[in-house]
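Below, each chain spelled out in residue letters.
There are 2 protein chains.
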Amino acid sequence: MTLLLEFLASLRSVRHFTDRPVPREQIDQILDVARWTGSARNRQPWRFRVVMDKAVQQRLSRLGQYAGHLAGAPVTVVLLSADDGRTDTSFDLGRVAQTISLAAHAAGLGSCLATLYPDDNVAEASRVLGLEPGWLPQHAMSVGYPATSQQLPPTAISAGRLPLTALVTHQEPAARAD
Amino acid sequence: MTLLLEFLASLRSVRHFTDRPVPREQIDQILDVARWTGSARNRQPWRFRVVMDKAVQQRLSRLGQYAGHLAGAPVTVVLLSADDGRTDTSFDLGRVAQTISLAAHAAGLGSCLATLYPDDNVAEASRVLGLEPGWLPQHAMSVGYPATSQQLPPTAISAGRLPLTALVTHQEPAARAD
Numbered sequence: 009m010t011l012l013l014e015f016l017a018s019l020r021s022v023r024h025f026t027d028r029p030v031p032r033e034q035i036d037q038i039l040d041v042a043r044w045t046g047s048a049r050n051r052q053p054w055r056f057r058v059v060m061d062k063a064v065q066q067r068l069s070r071l072g073q074y075a076g077h078l079a080g081a082p083v084t085v086v087l088l089s090a091d092d093g094r095t096d097t098s099f100d101l102g103r104v105a106q107t108i109s110l111a112a113h114a115a116g117l118g119s120c121l122a123t124l125y126p127d128d129n130v131a132e133a134s135r136v137l138g139l140e141p142g143w144l145p146q147h148a149m150s151v152g153y154p155a156t157s158q159q160l161p162p163t164a165i166s167a168g169r170l171p172l173t174a175l176v177t178h179q180e181p182a183a184r185a186d
Numbered sequence: 009m010t011l012l013l014e015f016l017a018s019l020r021s022v023r024h025f026t027d028r029p030v031p032r033e034q035i036d037q038i039l040d041v042a043r044w045t046g047s048a049r050n051r052q053p054w055r056f057r058v059v060m061d062k063a064v065q066q067r068l069s070r071l072g073q074y075a076g077h078l079a080g081a082p083v084t085v086v087l088l089s090a091d092d093g094r095t096d097t098s099f100d101l102g103r104v105a106q107t108i109s110l111a112a113h114a115a116g117l118g119s120c121l122a123t124l125y126p127d128d129n130v131a132e133a134s135r136v137l138g139l140e141p142g143w144l145p146q147h148a149m150s151v152g153y154p155a156t157s158q159q160l161p162p163t164a165i166s167a168g169r170l171p172l173t174a175l176v177t178h179q180e181p182a183a184r185a186d
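Residue numbers (the numbering used here), protein chains in the order written: chain A, 9 to 186; chain B, 9 to 186.
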């Protein structure tokens, strides 16, 4: 496997961070990579709010069942989705979230995604962040330097992923519904 | 910018391909990378159907307004979403789609996503693919060797992306709704 493929396969969620600060310029560089992510009809239905204010991070960390890690991270990047009710928007937010996670990984940083829910909590997050209407803070990401080494090769980590044979089927001519 | 960040920022959609065949082993290697993608509660709500049958690809290419490129690609990878009605599922499918696009890019291949819609077309794609219930073919990806060079640096391509200043805001204490 090439180095690039190994890099892509080695991304893991990181929920514990050192106190080492992350410069704003490094976050901007990561988001500058992420803005090249593709989206349906190039709508780019995302905006990003960078939060390094501990009090705000702690309030956000209580707005989703698995969002607790937001309180302990040097940086929280809130992903804002266009409030257009489109399924495509969720899909495209997933694409840009993956780019951000990988760009942080490339920069030696760890990250972990959190979903803010239900709707009441999304509305509360909007108030906490002072957002304008039209953008929903449905996802947020912790970013920081990993507290422990994440350098193990993927095959050495038991992360409970399904094997390839359980995920992939090949279309055989016999399966065609002609 | 590091080589890894440049790699991530250089991904572009490729809709035109050479006739050079893509070995099944190479597709499997790309999907073997993609299966390490994170998902909410590690549900891995995705499956993949690899299609190299031109007749099937042509039928799929008519099941979405912008899906025409599926007919001309050496390989179509259909992304199957768990039919659970969860917003998280669309988001997670976007994450894995981005990993697949980047892994193909790392392997020297180009790719382009297509959305299959509306629901009638998704149902028709299920029939064409002979899918079991529970999995929806809402997205498909063309994969192949690019017909033209995609080696330009990102800054040299006018892809209509918003500038960083239009995408990112920083949380200032004054914006807090305390």
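Just so you know, these hints were derived from the structure itself, not from any lab. Treat the hints with caution; some may be incorrect.
Listed below are several chain A residues computed to face chain B (Cβ distance under 8 Å; list not exhaustive) [unchecked claim]: (1) L16; (2) T26; (3) V30; (4) V41; (5) W44; (6) Q52; (7) D61; (8) T95; (9) D100; (10) G102; (11) A105; (12) V130; (13) L137; (14) G168.
Residues from chain B shown here face chain A by an in silico Cβ test under 7 Å; the list is partial [said to hold, decoys possible]: (15) V41; (16) R55; (17) T177.
Just so it is clear, CB atoms sit at the ideal spot from N, CA and C, and this is done for glycine as well.
Evaluation of the provided hints:
no., hint, in the structure
1, L16, "holds, 5 Å"
2, T26, "violated, 21 Å"
3, V30, "violated, 13 Å"
4, V41, "holds, 4 Å"
5, W44, "holds, 5 Å"
6, Q52, "holds, 6 Å"
7, D61, "holds, 6 Å"
8, T95, "holds, 5 Å"
9, D100, "holds, 6 Å"
10, G102, "holds, 2 Å"
11, A105, "holds, 6 Å"
12, V130, "violated, 11 Å"
13, L137, "holds, 7 Å"
14, G168, "holds, 6 Å"
15, V41, "holds, 4 Å"
16, R55, "holds, 6 Å"
17, T177, "holds, 5 Å"
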